[in-house]
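Model the placement of chain B with the ligand on the given structure of chain A, informed by the hints.
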Amino acid sequence: MSQPFRLPAGGALDRSRELRFSFDGRDYRGHPGDTLASALLANGVRLLGRSFKYHRPRGLFSAGPEEPNALVELRSGARREPNTRATVAELYDGLAAASQHAWPSLRWDVGALNGLAAPFIPAGFYYKTFMGPTRRAWMVYEHFIRKAAGLGRAAREPDPDRYEKRHGFCDLLVVGSGPAGLAAALAAGRAGARVVLAEQDFRLGGQLLSNGERVGGKSGPDWVAAVEAELASLPNVEILTRTSAFGLYDGRVAGLVERVADHKPEPEHGEPRQRLHLLRCGEIVLAAGAIERPLVFANNDLPGVMLASAARTYARRYAARAGTRAVLFASHDAAYAELPALLEADIQVAAVIDPRPNGSASVRELARDLGIEVRSGQAVARAHGGRALVGVEAAPFEAGTGAGGRWTGPADFISCDLLCVAGGWTPTLHLHSHSQGKTVWDPRLLTFRPGENPQGHRSVGACNGSFTLSTCLAEGFAAGAAAAAACGFEASAPALPATVPEPGAEAEAEPLALFACPKPASRGGKAFVDIQDDVAVSDIGLAEREGYRSVEHLKRYTTLGMGTDQGKTANVNGLAVMAELRGLTVPEVGHTTFRPPYTPVTLGALGGREVGRAFRPVRRTPLHDWHLRNGAVMVEAGLWLRPRYYPKPGEGLFEAQNREAKHVRRAVGLSDVSTLGKIDVQGPDAAAFLDRVYCNTFSSLPVGKARYGLMLREDGIVLDDGTTTRLSETRFFMTTTTAEAAAVMAHLEFLLQAVWPELRVNVASVTDQWAGIAVAGPRSRRLLEKAVEGCPVDDAALPFMGVAEGRIAGVPVRIFRISFSGERAYEVNVAADHGPLVWEALMEAGKELEVIPYGLEALAVLRIEKGHVAGPEIDGRTTPEDLGLGRMVSKKKADFVGRRLLGREGFDDPARPRLVGLVPTDGRTKIAAGSILVGQRDLHPPIEKLGHVTSVTWSENLGKPIALAFLSGGRERLGQKLYAAYPLRNRIVEVEVTPSCFIDPEGERLRG
Amino acid sequence: MLRIPCPFCGPRDHSEFSYLGDATVTRPEAEAPLDEWFGYVYLRDNPRGRHREHWHHAQGCRQWLVVERDTLTHEILGALPAREGSPAAGPAAGKDAAE
Ligand SMILES: [Zn+2]
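The listed protein sequences derive, respectively, from chains A and B.
Start counting the first sequence at 1; every next residue gets the next number (full-length UniProt numbering).
Start counting the second sequence at 1; every next residue gets the next number (full-length UniProt numbering).
Just chain A, with the same shape it has in the complex (with noise of 0.2 Å):
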């Protein structure tokens, strides 16, 4: 028969059809409203994976987001999708899911010796064997630890998904659609409130779905139609399920990730696999429910120990039998009221264990009425089996003053397949910590509760420590109504339906105190607090001898509550079993800070559609499409596209390169310098602005003259350099680096208004405005001249730093006399939509002269060559002293910015390292960048390093290659023989010491 445990009535699917599925290549069959893991057990498949330190068998062990072990890989290929909860991975035709961390395979699994040699693999075993003096084993055998360790395999194909972001507002949010949540969103939707409801699961209802609780005289599935419908029907009340809120943050931003296609075998065509909501709410109101905590003895990883609460969820809710024959170990009363679903699911019950000597009358009489034995006074000591459970240790128990207690007789076997543990509800209370609330020791429930909500967040039922249904709903209708109201809706509270609760379920003894059983009198088992990470009560021990007994270090030496499910079932127990351990009470060891996601949320829905060009968009420059056209290679600098080179037939970067760069110098090239930062700078102050804001003086430039500047920081580092020209008396354009552009205009903002707000200047961004071509080269007079109307380009007219205004091709143009590269050269800038027309028209004019376009590779040869100062060198740390520009230093100025964190003595310290040119003693080996500089070519330690290499390149029209650097003494040097390292290649270059400036010193060709 297929489904072998799946009862033949009940439960909310869809019996009409069925699901294939398959795990680890067996196929299955469910159906629709089952979740992955209910199906696998409606098949009685039992061991689902491996644990992670010890390659333990391990089962379900809960129902819910909280699971710990059914950690499933789903999907293949690029879908693929490593730790998968089961328990809330909807069903789908053709699901395929396979286990993780086992091999060769499930059933007979190599990792397991890890847990023969468990007692030689305690908390903080790696970390002592290969990060103490045997760090060298590490190297060796991390490869095989990794590969043996970790979960599961990420895709390694780009995600063929698309995922959404919605920026949403509502009066209230409500987290959670149990009793409390729904009653909330009804009394607040009633009220006409604009209402978000969200639920991570697939269906509305939470424990209503299951826990046979009457409302309003209808069952709790059927109340809870009824209330969805109603809330349906209201157009201000939205319900998101299968919807996690993994967030709460400031301003009352929510996080929400919605799993819109998850439950599809692939996302229908144009739909989201996901949708990440950020919901700007009025008012919060949490209902998330809270968590069943278990009880800790030994060997209770086994399959077949599964939290009380699961196996009547499956029970009910998706028909499927848990086991056949159980046992209940309950510490407080309302575990009792899980006994009918066990028993209506057919699951023979053979006792509860109930650890307190007596429970309370009323759950002793049901159990009786039910025909079940109570041992009363007694706990698990042990669970048995192999791959799965096949029974329990019971003995006699007495209850300690803390987390546990001791033995007081021989412990009998008492045989079973499921062993469902009840130590009492932990409330769910990530969210309300995530707005900073606190959270308090409830005594009587064993639990922290939360305490005051800072953000006002509302948290009513069971995450509020309030666990009876007519209290959740009462809470429920009060929060709801409110925080309507406090929405300006007027609002009251719904009448209290009658209810009706499941016997048992409202608790009259005090629960134990009981977390984790003490070990059994004879040796053997582990007993697990964390079952995903493999943290034992023994491993807390030994944190807690060791000194690691605070609970942050508690968590990172063992690794408690640090795995994927972030120790949702175990953190109340470890805290519990340290408190026990230091003689403390719980609240006074505390617990670690909650913090987003609540629940994994996968990199994808962060993204959203801002990945790739979207995530990264890039500028292009007016004149882009004539380079793709001209066959440019094209390179991202920054944001920008810029043409790295135009290779000739046969050339690779190095050829072009070469050919560029010598062309430049023998001959005219054009390059496009768009990308430089423009800023047009006016006012009737603007003069005095630039005298504060470079190191040198602007208001001494003639009006049509262009002077370089050098801008600092306050602290005397050099923040940017760049020409800036005198348009008028109250207008400069000032241009800078590329790369500083935003930096440069947000600095010039921030003085214009928060430091001098007396200047009367205003600044606007040109950047886009303007395309800018470069005319380099010798010929590029004569170029001009052939291209430029209506203004004279002779030297003259036209003299090294002057501008000119003309045309050409009809279209207005400004050229200033500026020069990068060492050659005579000039600017062109025009209006950005006219950039093409000109520059075409340059490249035609050019003809004869043998016009060529270069790029930024051949760009950077030559500022290397004349030891032009750029990014490399521009890099944070230097003054301009440091860059060889001291002499640009105002001494005259009283005021600019820099000026006087210049003066410190440290700047002037003359072992500072200076900026220098290099070039190989053998005139051939390359430099690297990034080398250190020392005087000796041996390595070994101590070395003094005197400097190190900036830039690099081979200088064709040299024959040789040259770097700029960095070097202690700087020009002191010049002449001197050094070697330049690169240990990580172990490469050392013999290199001499020059001026930065390797051509044309005097700048004769500069000027003409």
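In short, the hints are calculated from the structure, not lab data.
Please note: incorrect hints may appear among the correct ones.
[Unchecked claim] Partner residues are not named here, just some residues of chain B that face chain A (Cβ under 8 Å, in silico):
hint : residue
1    : Arg3
2    : Cys6
3    : Leu34
4    : Thr73
5    : His74
For glycine and all other residues, C-beta sits at the position ideal for the given N, C-alpha and C.
Okay, now just chain B with the ligand, sitting in the frame of chain A:
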């Protein structure tokens, strides 16, 4: 997910702004002692509670603002144009009175 009430644009998401830092420091006179300059450039208080900071509405009106923010709760208490709120410009600019 803070919202900053830009005096020019209204309440805007903080992702439109860039952050500079402490707005309670004042640029010293040019010839002020070097110690004072060190303080201006390098030394910053890290107050718990109300603090004034420079934020730039870089993806909005390009105005620099002095934003009053509670460093403990992250609450934004108000924003002024840096022209008016800057230390150089008047009494609004001094250290937080609540300190
Ligand atoms: Zn603004």
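Original post:
Okay, which hints does this one fail, numbers in order?
Top reply: Violated hint (a single one): 2; every other hint is consistent with the structure.
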